[in-house]
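Trainee: Chains as they are written, first to last, in our numbering: chain A, 1 to 93; chain B, 1 to 139.
Honestly, the hints are just simulated from the structure, not real lab data.
Don't take every hint at face value.
[Unchecked claim] Quick list of simulated restraints, FRET-style, between CB atoms: (1) A/Leu65 to B/Ala23: 41 to 47 Å; (2) B/Asp16 to A/Leu59: 43 to 49 Å; (3) A/Asp38 to B/Arg99: 29 to 35 Å; (4) B/Arg74 to A/Tyr41: 34 to 40 Å; (5) A/Asp83 to B/Asn35: 56 to 62 Å; (6) A/Glu62 to B/Ser64: 45 to 51 Å; (7) A/Asp38 to B/Glu131: 51 to 57 Å; (8) B/Leu29 to A/Gln52: 26 to 32 Å; (9) B/Lys129 to A/Tyr85: 51 to 57 Å; (10) A/Phe44 to B/Lys129: 21 to 27 Å; (11) B/Asp16 to A/Ala71: 36 to 42 Å; (12) B/Ser73 to A/Phe46: 19 to 25 Å; (13) A/Leu65 to B/Ser82: 54 to 60 Å.
Beta carbons are placed, not taken as given, at the ideal position from N, Cα and C, and that holds for glycine.
Below are the chains, spelled out letter by letter.
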Amino acid sequence: MNQIAEEKMPIFEDSPAEVKTSNEQDYVEVKTTKEKSDLDYSYFPFLFEIPQNIPYQELTDEEVLTLADKAGTFDFLNAPEEDIYNPSDGTPI
Amino acid sequence: MAEKPRPKALAFIICDTVIDDKATNKKSLIGLFNNISAYTFPCRYPVINVFLSLTEGHGDYECSLICVKDDESRVIVKLSGSLKFNNPLSVVEAKFEIRGMILPEPGMYRFDFLCGNVPVVSRKFKVIKLERKTREPNS
Numbered sequence: 001m002n003q004i005a006e007e008k009m010p011i012f013e014d015s016p017a018e019v020k021t022s023n024e025q026d027y028v029e030v031k032t033t034k035e036k037s038d039l040d041y042s043y044f045p046f047l048f049e050i051p052q053n054i055p056y057q058e059l060t061d062e063e064v065l066t067l068a069d070k071a072g073t074f075d076f077l078n079a080p081e082e083d084i085y086n087p088s089d090g091t092p093i
Numbered sequence: 001m002a003e004k005p006r007p008k009a010l011a012f013i014i015c016d017t018v019i020d021d022k023a024t025n026k027k028s029l030i031g032l033f034n035n036i037s038a039y040t041f042p043c044r045y046p047v048i049n050v051f052l053s054l055t056e057g058h059g060d061y062e063c064s065l066i067c068v069k070d071d072e073s074r075v076i077v078k079l080s081g082s083l084k085f086n087n088p089l090s091v092v093e094a095k096f097e098i099r100g101m102i103l104p105e106p107g108m109y110r111f112d113f114l115c116g117n118v119p120v121v122s123r124k125f126k127v128i129k130l131e132r133k134t135r136e137p138n139s
């Protein structure tokens with residue numbers, strides 16, 4: 001930016017600025033107001049937690065075992081290859 | 001008595017997150033969307049944010065944000081409260097963070113914002129059912 005252009009730029013600061021016009025003898029006062037010109041502004045953050053209305057009930061141990069049994073979880077115990085020990089195996093501690 | 005003028009909506013946006021920068025007081029909206037996809041229904045959407053900006057309001061308004069299924073007008077969520085405008089030039093913004101909203105089925109839904117039971121602004125979004133892809137056996 002050259003020197004002339006720089007001089008002609010109004011300086012918008014808190015205090016009134018002076019700008020030289022093309023006729024350097026005249027001065028134009030640039031009015032800058034100190035009053036607050038911000039728009040009135042409000043912000044409201046809201047948080048809503050919607051409760052989960054799915055009924056939930058803990059299963060008893062017997063119910064868990066019954067479910068596991070009926071689901072076939074323990075079926076592998078009936079396989080012949082699982083019968084590798086008999087009561088005569090080993091020595092009791 | 002003449003009815004109080006309704007506020008004018010400047011923005012009504014659905015998004016994932018609204019970040020409020022405490023240093024600059026600026027808001028950043030992250031993850032704007034118009035569609036929600038789910039494999040099973042009813043589905044529970046973890047977090048949905050509705051950002052609203054209003055102006056040209058006069059005094060206090062009883063407001064409500066409702067989410068309705070568009071084709072049946074079935075209300076899914078309704079949130080009510082009051083907003084205050086200090087003067088008509090005031091800009092009032094609000095963020096509604098809704099956690100765990102349940103969407104019963106696919107289709108068109110919409111959010112309506114009402115001031116004194118009069119709709120001010122509305123925004124539609126679509127809920128889509130995704131089909132699970134079965135993996136092709138290796139040939």
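Trainee: For each hint given before, does the structure comply? Return the numbers of the non-compliant ones in rising order.
Mentor: 1, 2 and 10
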